[in-house]
Amino acid sequence: MITRRNTRKIKIGQLEIGGNAPISVQSMTNTDTKDAAKTIKQIKKMEKEGCELVRIAIPDMKACENISTIKENIRIPLVADIHFDYRLALKSIALGVDGIRINPGNIKIKENIKEIIELAKKKGTAIRFGVNSGSIDRKIIEKYKAPNVGAMLETSENIINLLEEINFKDAIFSLKSTNILDTIEANEIFSYHYNFPLHIGITESGFSSQGIVKSSVGVGILLYKGIGDTIRVSLTEDPVNEIKIGYQILQSLNIRKTGFNIISCPTCGRCKVNLNKIVKELDKKIKVRNKAIKVAVMGCIVNGPGEAKEADLGIAFNQKIGIMFKKGKVVGKYDWETAIRELIREINK
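Numbering that gives the first Met the number 0 applies: residue 0 is where the sequence shown begins, and numbers increase by one.
A couple of the hints might just be wrong.
With a cut-off of at most 30 Å between alpha-carbon atoms, the simulated DSS-like pairs for lysine-lysine come out as follows [claimed, not checked]:
hint : residue 1 : residue 2
1    : Lys8      : Lys107
2    : Lys61     : Lys37
3    : Lys8      : Lys142
4    : Lys138    : Lys107
FYI, nobody ran anything at the bench for these hints, they're computed from the structure.
Using the sequences and the hints, build the whole thing.
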């Protein structure tokens, strides 16, 4: 059993992060925030997949104008992502976002960061300080000769000193690098010294399988060590997929059991059905996403009945038929196509 390290609990909107709150799954839109309708549409898809917090890019004042409209039309907390211009953070807070994310390496002037923190404290707005290896202040990089673990930790320490000066409590930190080992080490050291909640992930992890592997390894190791209070899987693709992978990582470690989970065999010469096609069809047609359902889809009788019996629902194929199980009991024997339809119907029911 994984024992989480103790962190303080804060709230972003109605979502609790840290302490004994469940590890949450979040993501970020890739739409133009100036297009409110398109952004809202994407967030609703993300909500359906189980996204618990969403971040939107605020590159200019024009994007700020849509904050209120977007917030009114979604159910989950809204976080404004700010870089370079501290005035965008002040405007976003004034317009009522639930939280902001700023990168201290991109807002370099201490007094500007201080002004953001003071307004956030006044308005009850949470702040995530995103310490990314790729945007650390040049002077700190020169000191450490590289954007490494030491550079990320010193950047974080400078912010913490400022938070203590202002007595601001509603802060989350993230220490991310494209280097998985640096990310793990930085978060381990940070969590040993401080009790701020941690947002974990691998920044700019890449696309498709490459990004999934990097994120799964980095995030998975940290979670196994009890580190992390909220996660994002950063992929160069539809953010809905980030949420799917996030829940799968949590499920694989038995941290959260909410979510649709397909168990399928890798197939071998005994398999007489196109299992890859079947599993993809199931994943596409399943409507239930936010409930703990374990479904086994097996290509032959070697492991099939055993695995299928352990699942909430399962199907095992032989050369002619598909045998469907529900909570370990056989509930039907069908031809292949009927078996797939019946399994989808049962899952959605």
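- prompt: So which hints don't hold here, by number, going up?
  reply: 3
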